[in-house]
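The primary structure of each chain is shown beneath.
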Amino acid sequence: MAPASVADATAGAGGGGSAAVPSPPGSGRPRPRRGITATRPWVAALFLLPALILLGALVAYPIIYTVKRSLYDADGSGFVGLKNFGTVFSDHGILTAVRNNVIWVVVAPAVATALGLVFAVLTERVRWGTAFKLVVFMPMAISMLAAGIIFRLVYEQDPSQGVANAVVVAVHDTFTDNAAYPGARPRPNSDLKPTAGGSFTSASAAASGTAADLPLVGIPANKVPKGAADAKPAAPEPGKVTGTVWLDFRPGGTGKPGVIDPGEKALSGVKVQAVKDGKVVASAKSGKDGTYSLPAKAVGAQLRLPGSNFSGKYEGINWLGPTLVTPSIIVSYVWMWAGFAMVLIAAGLAGVPRELMEQARVDGANEWQVFRRITVPLLAPVLVVVTVTLMINVLKIFDLVYIIAPGNTQQDANVLALQLYLSSFGGGDDQGVGSAIGVILLLLVLPVMVFNIRRLRKEGRR
Amino acid sequence: MHRLKGKPFTATAGGASHRRATRIALAAAAASALVLSASACGGGGSDDNGKDKKTSSPTASASGSAAGGGENLQLPDLHGQKLEVAAVWTGPEQKNFQKVLDEFDKRTGAKSTFVPTGDSQSTFLGTKIQGGAPPDVAFLAQNGVLHQFADKGWIKPLGPAAQAELQKNFSKGWQDLGAWKGKQYGIYAKVSNKSMIWYNTAAFSNAGATEPKTWDDFLKTAETVFDSGTAPVSIGGADGWTLTDWFENIYLSQAGPEKYDQLAAHKIKWTDPSVKDALTTLGQLFSKTDLIAGGTKGALGTDFPKSVTQTFTGNPPAAAMVYEADFVSAFISANTKAKVGTDAKEFAFPAVGSGKAPVVSGGDVAVALKDTPAAQALLTFIASTDAAKIWAQGGGYLSPNKSLDFAAYPDDVQRSIAQSLIGAGDDFRFDMSDQAPAAFGGTKGEGEWKDLQDFLAKPSDVAGAQAKLEADAAKAYGG
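As given, the protein sequences belong to chains A and B, one line each in that order.
Start counting at 1 in the first sequence, then tack on 7, and there's your number in this note's numbering.
Start counting at 1 in the second sequence, then tack on 410, and there's your number in this note's numbering.
By construction, these hints were calculated from the structure, which means they are not laboratory data.
No experiment lies behind these values; they were computed from the predicted model shown.
Errors might be hidden in some of the hints.
What the hints assert, rightly or not - Chain B is faced by these chain A residues, among others (derived, beta-carbon under 10 Å):
{"hint": "1", "residue": "ALA121"}
{"hint": "2", "residue": "GLU163"}
{"hint": "3", "residue": "GLY225"}
{"hint": "4", "residue": "LEU254"}
Yeah, the Cβ is synthetic: ideal placement off N, Cα and C, and Gly gets one too.
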């Protein structure tokens, strides 16, 4: 009813508006009351006009055009009916985007609101609460793009650049032993062949009397321990297996493979095992000059350098890999928006009557019960507002995904808004499909909007 | 408003004489173009070109345009005219090109501005054109885009003056690349030689490695470098296009130019055995994580700039070798302390199997999006040897302009790259992914870029990679 009368008024406003407005000052003075009531629809229309024109040009027209465009092909010349929507729902990449959007809508607002609630309730009781709130709210002042770039760096694979992996690697390395020479290995065509678990095992059996030397390569000059001694041939000991572990490389490639040339460095602390029929019968570590010596039991056994000597450096977590990329980006979103949730909820919290809480405490409720039974129910309207606002916000998430996801996992992190952009401008060059995705996004946002408006109306009536 | 409107008006009124001068210059250039094409029909060859230069210069000086300025190049007076030039370049490449624009402004009085287009170039230009405000001149990074735009009538054919310069200075292979359906649209003014591997000389001498000539030698060299404790090869796997370039070099050398052309036109499928061979060869490197700086994960997280800088910084560096085109030298000079020619050198991409060493090239083609005298004048200037000379002096630039004196290049490395490119004559092949539709060969996270990144992550799955490539290619080429 109301919209219809507004529309009528608008239709008439163009002709009569300009004439009607100047008349009241001149003729309306004797009977001001009647004058105002008579011109009311016109005035209302006049005041509404700029807004209506703006809304029409910037909201209504684009929506209608998008719906129309979604029924045409890539060129915009041929009518294709609902074919574009068929494409959307059969394209594997777009389905991933739909799935990711569902994850986003479910997880991101819930986590952000929950964190905001916790922050709001806790900061109320802390002396430095305001300072804390300021810090948590700070990310809101950063644009999505900047936040994206920040988190791109945070999730960098290289621990020396990405802070997330720096933490993970530091923690990991504190609790596990590091390999002495990560990445090292024997020459590919030497006696030592790669075996299970990253270890290397000699093909021939060890004998006493002749030195079983174990040459390794692939260790950067700056990773050889400082002050490492030159490698020495091991002295044969009767009844024992001896040999040298050393870095079989001299700058300029001047050394002979498999021969201890002068100047080649000894590798100390390398574990050497003697293996008979798959069982370790003896083990030793190479000394300062690279020599090791195994007891008589080792005679006739194969020599093995276990993988623990070389196990590659722990590389941290592949945050932006196919499996973790969406959760990682959601974390960055929560980092931005938890502050927003916190501020709104804190404002709501200020309006909660203290007496109820006091009452509950007097009645013997513990803090958790007060929070669970009093605070949360009283805050429910605010929580709903925050969650719904965030949901609408999350449905159109684009920037963070576009910036943070690297090229090879962009499709794994895909969301509808990004796919809309990619389909219409980023290589797909099919604005028909892009518009179809736009229409779908609109349909997804609508129920949330309707819910929000209804709730607002109810609130207004109260 | 009034003042703004008035200004250009008075400029044109007062500039009537300039207009005439322009027309004379154009006529002279057109005449020399006729002479040129006639002589080219007669027998061609550099000798004829030399003669033409001599004959055309008196005519040009006789027409006597005041704005001309340098040598025998005639440019109209464009005082008060504004010109917008769009290209993908940023950083040192953009700065370098700005010098060319500045010289153009100095000679003609025009005011030109440079607009970087970003990675999704066809989109950037497409929306600008559809919005009715295209830049005057654009450098298209992809050959396929030239065809696409020409079909839509978005780009204008070269004027006679620009064509004359083009025919004077460029070999037929390069001219043809800028033509479509019998019309000459573009000038390949800035090209790259994408068949070279750069290496850190200190890392090589430390390892006692030498420049390999064949793929097998290359892998052996990589092993030798690994022994020394330096990771051998740096791969910028975060940028899909570096991987397409790897593939193209191997494919061109192994399968030969005919197959290359067929695959580029999608006349053979990506499931072809020749593709399998090429991917298997590439897999010999990709599957040996020891040989890749940072391993597979590291390579996928390394973008092109980092893949270069990590090869030429630190002692020992993070990698000894990095593959990419000649423009790497500009990156090295700008972003590292290494000196090109002493600390950083290059060798030609090794020949694979029994094939010849490949010469894959890419380039940016200058086209006019508006048919204005200013746009045509800029194209004429871009095709000229004068522009190429200024451009070349900045480094990181390679011109297919055969009239350009090699002395213009700033260092021996750049000079030798240019010599090998000009020396290849018309035997080079143009970057395959740049010939493909953008959705397949030119979009982050899609098509060939994404498929080869997946292949880098899992080099054992050759058949799977082929199937995905074919599926994406079929979609992008339209069946």
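query: If you take the shortest Cβ to Cβ gap from ALA121(A) to chain B, is it below 10 Å?
result: Since the shortest Cβ distance to chain B is 32 Å, the answer is violated.
Minimum Cβ distance from GLU163(A) to chain B below 10 Å?
holds (7 Å)
Check your understanding: Does the CB of GLY225(A) sit less than 10 Å away from some CB of chain B?
Key -> Since chain B brings a Cβ to about 5 Å from GLY225(A), closer than 10 Å, the hint holds.
Against chain B, run the beta carbon of LEU254(A) and see if the smallest gap drops under 10 Å. LEU254(A) check passes; min Cβ-Cβ to chain B is 8 Å, inside 10 Å.
Against the hints set out earlier in the document, a violation occurs for number 1 only.
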